[in-house]
Amino acid sequence: AQKITQTQPGMFVQEKEAVTLDCTYDTSDPSYGLFWYKQPSSGEMIFLIYQGSYDQQNATEGRYSLNFQKARKSANLVISASQLGDSAMYFCAMREDLTSGTYKYIFGTGTRLKVLA
Amino acid sequence: DSGVTQTPKHLITATGQRVTLRCSPRSGDLSVYWYQQSLDQGLQFLIQYYNGEERAKGNILERFSAQQFPDLHSELNLSSLELGDSALYFCASSVTGDVETQYFGPGTRLLVL
Chain A
581 AQKITQTQPG MFVQEKEAVT LDCTYDTSDP SYGLFWYKQP SSGEMIFLIY QGSYDQQNAT
641 EGRYSLNFQK ARKSANLVIS ASQLGDSAMY FCAMREDLTS GTYKYIFGTG TRLKVLA
Chain B
21 DSGVTQTPKH LITATGQRVT LRCSPRSGDL SVYWYQQSLD QGLQFLIQYY NGEERAKGNI
81 LERFSAQQFP DLHSELNLSS LELGDSALYF CASSVTGDVE TQYFGPGTRL LVL
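Chains as they are written, first to last, in this note's numbering: chain A, 581 to 697; chain B, 21 to 133.
It should be emphasised that the hints constitute simulated quantities derived from the structure, not laboratory data. This one's a predicted model, so the numbers in the text were calculated from it and none came from an experiment. Just so you know, not all the hints are guaranteed correct.
[Said to hold, decoys possible] Simulated pairs of lysine-lysine, DSS-like, Cα-Cα distance not exceeding 25 Å:
id, chain 1, residue 1, chain 2, residue 2
1, A, Lys684, A, Lys583
2, A, Lys684, A, Lys596
3, A, Lys583, A, Lys650
4, B, Lys29, A, Lys583
5, B, Lys77, A, Lys684
6, A, Lys694, A, Lys650
[Stated by the list, open to error] Pulled from the structure, derived: some chain A residues nowhere near chain B, Cβ distances all over 10 Å:
id, residue
7, Glu595
8, Ser654
9, Val658
Glycine included, every Cβ here is placed at the ideal spot set by N, Cα and C.
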């Protein structure tokens, strides 16, 4: 079973509008972390935002916010006021905190976002 | 520029060969992560080191090995290469390896012919 699911292979958004990229996860561990990364067409990988499973508040980093709904096991990325430079592939990932004190990282298949002028 | 350096940028080799990818983390970062991105497998976490010790292990094949040296640079060794090992290999670093921002290097693109 997929542990991280990104159901939107591609999305379009108009410049200056907000967009939500969906991510659902599956874990039975009480301690885990959720990440979003951006990969522009140039290929580099950029860490965007992190949410811990025990965090009470939704994480925010500038125009990025993570809409964390624990009961629904969703961790959607919201980008406000989209810019042309936001056009990229976006990956959701989960870190499971194993009882052995180590971690396991799992990535989704990504959503390609295109911002339209 | 993230401050993480990876060498080489590109590598072309033949099946059965062995290669070494190198990563230098940002100054002050103790943790190094290795990721593989291929068309077949998508993005996968391979392994993480913290201050010289293995911290977490992902989908790293037995043909692959890594280590982090006392100066904190890391090397990923890939041996008995197969066509399917062709991928972009990223290294990332972070201060402690827990929840803070990871900074990624530009990646090494490996092509196995």
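Verification of the supplied hints:
no.: 1; hint: A/Lys684 x A/Lys583; in the structure: 11 Å, holds
no.: 2; hint: A/Lys684 x A/Lys596; in the structure: 36 Å, violated
no.: 3; hint: A/Lys583 x A/Lys650; in the structure: 15 Å, holds
no.: 4; hint: B/Lys29 x A/Lys583; in the structure: 31 Å, violated
no.: 5; hint: B/Lys77 x A/Lys684; in the structure: 7 Å, holds
no.: 6; hint: A/Lys694 x A/Lys650; in the structure: 28 Å, violated
no.: 7; hint: Glu595; in the structure: 26 Å, holds
no.: 8; hint: Ser654; in the structure: 20 Å, holds
no.: 9; hint: Val658; in the structure: 19 Å, holds
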